[in-house]
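Trainee: So you can see what is in the structure, the chains are spelled out below.
There are 2 protein chains.
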Amino acid sequence: MPKVSGVLLDLSGVVFSGDDAIAGSLAAIDDLRSHNIPLCFVTNTTSAPLRGLLEKLQAIGVAASREDIFTPAVAACRLVKERGLTPHLLVHPNLLEDFDAPAAGTPDAVIVGDAGAAFTFEALNEAFRAIDGGAEFIALACNRTFRDGKGDLSLDAGPFVKALEFATRREALLVGKPATAFYADAVAHLGTPPAETVMIGDDVESDVEGALQAGLRGLLVRTGKYRQGDEGLIDPPPSAVVADLREGVDWILAGGR
Amino acid sequence: MPKVSGVLLDLSGVVFSGDDAIAGSLAAIDDLRSHNIPLCFVTNTTSAPLRGLLEKLQAIGVAASREDIFTPAVAACRLVKERGLTPHLLVHPNLLEDFDAPAAGTPDAVIVGDAGAAFTFEALNEAFRAIDGGAEFIALACNRTFRDGKGDLSLDAGPFVKALEFATRREALLVGKPATAFYADAVAHLGTPPAETVMIGDDVESDVEGALQAGLRGLLVRTGKYRQGDEGLIDPPPSAVVADLREGVDWILAGGR
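Those protein sequence lines, which keep their order, are chains A and B. Counting along the first sequence from 1, when you hit position 162 you're at 161 in numbering that gives the first Met the number 0, and nothing is skipped either side. Counting along the second sequence from 1, when you hit position 194 you're at 193 in numbering that gives the first Met the number 0, and nothing is skipped either side.
Same shape as in the complex, but just chain A (with noise of 0.2 Å):
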């Protein structure tokens, strides 16, 4: 096996659940930047801005900085810049600030975020009409479920877009994980080779089979919402399965394996 040179870690569920830092992850960071292994968080949490999601992470006392966080609002935001795209925007309403305030004109493309409460039919129904009108059709996150801050499963992102999807006939654009470009990105941001770096999710679809698809390795944490089982859900499986990320780090230390 190749040796640790950078680390990916998805945020909620591994580092914090709710407004908490998850037992031992800070320890854990602090491990890895002590000994200079390059680390940079990958999120597909799209019910908090960039702005938000920095500033959980200082209040549990991680230092981090816009440049180390990879979220899928950025990458929409790139996309849009490039193709001149005019978005209507079916996101959570603190998601917003990430993007700029609506141009004037007819949208040309539908994004789709984690929207929680703004998922109103109406809603669904006027961004189904643009979609299936010629807009393209952009999907933040792909994901089934979330861990709420009440511990409950939640619907994600995925379960809309897959509804949008049906009633088009037509496939979203993925711009978060597990999008190949998402993941490469992050590593480029690294600069560390993909083989030698190491993304560390509770997610076994978009954090773990992602980072394998994107040549990766692929971890696995029993934290957030992980439930027994999911590891039998991709294959090739995990590259490892750990308890949390204070063992996943400990993994990596001893050489990844």
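Source of the hints: derived by calculation from the structure; they are not laboratory data. Here the structure is a predicted model, which means the values were calculated and not measured. It is possible that some hints are incorrect.
Said to hold, decoys possible - SDA-like mimics (lysine to any residue), calculated; alpha carbons at most 20 Å apart, straight line:
#1 Lys149(A) <-> Ala122(B)
#2 Lys149(B) <-> Phe120(A)
#3 Lys149(B) <-> Asp131(A)
#4 Lys149(A) <-> Glu125(B)
#5 Lys149(B) <-> Ala122(A)
#6 Lys149(A) <-> Gly132(B)
#7 Lys2(A) <-> Glu246(A)
Please build the complex by placing chain B on the supplied structure of chain A, with the hints as guidance.
Mentor: Then chain B, alone, in the frame of chain A:
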């Protein structure tokens, strides 16, 4: 080709559109009846109760009794009774009258119809958690779209069923069209051989493909939600594609060819 002995008619988009009869449909139904060809109505509309459908038919001048209309809600009620289930209903408020009042106790089944504006994030999340917790997952219908009263294409039950299937990794038990059992009930009511029975509808999947799979013939009308090219979406293709119910009945009276 065998002769046509019986006819199943879809309602919305075939017999009426919004509150109005589709031109020629009343005379076409009269023609079938005057030729003593038994017919009944097989609808996947789950935003109106059986009483409402009957009233609408009577208002536009089509005589029909409760026994002549097959709806997913009626089929679901029978299933609930047979299996002794305690259902949680995620359906349109208008449809509630077709179900018994909610029984006490924890639901062990979730029934999803075209809930329209009642498809809130909260309601979908509640349904998700019940299904994820082990409740039976019953879909009244899985149509992608319908044409609403204003003539706009609108999200039907299907996208929301698919959302819940994706989130729970489970497959819904479908009771409405295109379920073969649903077609079998309607054909048994007519008492005609399936191969001599024609289903006429505007939904190429639920109406036409479903009928063909149930051993019936399937006629696609170019009214209602029909859009150019729909007939190419299924294989084998429709038995015939006709302008409207009037032309469909002419096809039948000409011997089904």
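Trainee: Taking the hints in turn, state whether each one holds.
Mentor: Hints and how they fare:
For a cut-off of 20 Å, the pair hint linking Lys149(A) to Ala122(B) stands: about 17 Å separates their Cα positions. Restraint check: the Cα-Cα separation between Lys149(B) and Phe120(A) comes to about 16 Å, which is no more than 20 Å; the hinted pair holds. At roughly 17 Å between alpha-carbon atoms, Lys149(B) and Asp131(A) fall within 20 Å of each other, so this suggested pair holds. Note on Lys149(A) and Glu125(B): the hinted pairing holds, with a Cα-Cα distance of about 14 Å set against a maximum of 20 Å.
For the given pair, Lys149(B) sits about 17 Å from Ala122(A) by alpha-carbon distance, which is consistent with the 20 Å threshold. The hinted pair formed by Lys149(A) and Gly132(B) meets the criterion: a straight-line CA distance of about 17 Å does not exceed 20 Å. Proximity of Lys2(A) to Glu246(A) is assessed by CA-CA distance (about 17 Å); at most 20 Å being required, the pair is judged to hold.
Violation of the numbered hints given earlier is absent; every hint is satisfied by the structure.
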